[in-house]
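Protein chains in written order, with the working numbering: chain A, 1 to 116; chain B, 1 to 115.
Calculated directly from the structure, the hints in this document are not laboratory data.
Any given hint might turn out to be false.
[Claimed, not checked] Residues of chain B clear of chain A, computed beta-carbon distances all greater than 10 Å:
| id | residue |
| --- | --- |
| 1 | Thr5 |
| 2 | Gln17 |
| 3 | Arg18 |
| 4 | Gln44 |
| 5 | Gln48 |
| 6 | Arg63 |
| 7 | Asp71 |
| 8 | Glu82 |
| 9 | Gly84 |
| 10 | Ser100 |
| 11 | Gln104 |
[As the list claims (entries may be wrong)] Computed list of lysine-lysine pairs in BS3-like fashion (alpha-carbon distance at most 27 Å, straight line):
| id | chain 1 | residue 1 | chain 2 | residue 2 |
| --- | --- | --- | --- | --- |
| 12 | A | Lys115 | A | Lys16 |
| 13 | B | Lys9 | A | Lys38 |
| 14 | B | Lys57 | A | Lys38 |
| 15 | B | Lys57 | A | Lys103 |
| 16 | A | Lys3 | B | Lys9 |
Beta carbons are placed, not taken as given, at the ideal position from N, Cα and C, and that holds for glycine.
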Amino acid sequence: AQKVTQAQTEISVVEKEDVTLDCVYETRDTTYYLFWYKQPPSGELVFLIRRNSFDEQNEISGRYSWNFQKSTSSFNFTITASQVVDSAVYFCALSERNTGGFKTIFGAGTRLFVKA
Amino acid sequence: DSGVTQTPKHLITATGQRVTLRCSPRSGDLSVYWYQQSLDQGLQFLIQYYNGEERAKGNILERFSAQQFPDLHSELNLSSLELGDSALYFCASSAQGLPSQETQYFGPGTRLLVL
C-alpha cells in the first residue's frame, strides 16, 4: 500500500540557516511520482516539484534542492539560506496509477518556522 | 492567483444537511481534482475528472459525489453532513489530467464548518 511519512512535524530555524525536510515513501509500484507542495499561511497549495521514479537525478532550483534516493525510498527537500517567507507547511506526496488515472496520497506535512 | 476559482469561500451548516461546492478550472484546463484537508485526516485526494468523465477516485465517501459539467466547471456535493466533514476543500486543475506530467494549480479552497 502507498504511504508517505514526514516524520518532522515542526521545524524552527533562524533566517539564513539551511534546513532539510524529510520524506520517506512506500509503494509496490515501479512507476510512481513524487511531489512537494508548499502551503503558506494564506492557505493555498503551491506545487514545487515533481519527480518520476525513473529519474533519480537531484534537482536544484534557486535556494531549493531535492534529493531523491530510491535505495532508501526518500525524497528530501533542502532549503538553503532560509528566509522568513519560507515559513509554511510543506507536503510530500506520492502518486501511483489507479484505474484510469492517478491516486495521490500526501504526508502529514512539516510546518517550518523561519525566524528573523 | 492560480486562475482556479472556488465558491463559496466559507460555508457553515448543520449536521445532516447537504452542501454543494463549486470549482471553475483555469482557462483551457480539462481536468479538475478535489482534495479535502482536515485536522484528523490531513490532506486527502478525493476524486479527479477529465473532460466530464471520472478519471480517478481516492478516499471519497459514499455520502460525497462530484461531477464535471460540459463547461468544465465541477461541483462537489456533500450530503448527510457530519461534524467530521468540517475541513478545507480544495479544487485543482490541470491541462490534460496527467499529474505525472503536469502541474496542478490549486484554488483558494472552501472552508466548511459543520455544527
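Structure-based check of each hint:
1. Thr5: Thr5/B clear of chain A: closest Cβ-Cβ about 12 Å, beyond 10 Å.
2. Gln17: 24 Å, holds
3. Arg18: 25 Å, holds
4. Gln44: Since the minimum Cβ distance to chain A is about 7 Å, Gln44/B lies within 10 Å and the statement is violated.
5. Gln48: Check fails; 5 Å does not lie beyond 10 Å.
6. Arg63: 20 Å, holds
7. Asp71: 21 Å, holds
8. Glu82: 22 Å, holds
9. Gly84: 17 Å, holds
10. Ser100: 5 Å, violated
11. Gln104: 6 Å, violated
12. Lys115/A with Lys16/A: Roughly 9 Å separates the two Cα atoms, so the pair holds.
13. Lys9/B with Lys38/A: 20 Å, holds
14. Lys57/B with Lys38/A: With a Cα-Cα distance of about 23 Å, the restraint between Lys57/B and Lys38/A holds, given a limit of 27 Å.
15. Lys57/B with Lys103/A: 7 Å, holds
16. Lys3/A with Lys9/B: Violated, at roughly 31 Å.
Of the numbered hints stated above, those contradicted by the structure are hints 4, 5, 10, 11 and 16, listed in ascending order.
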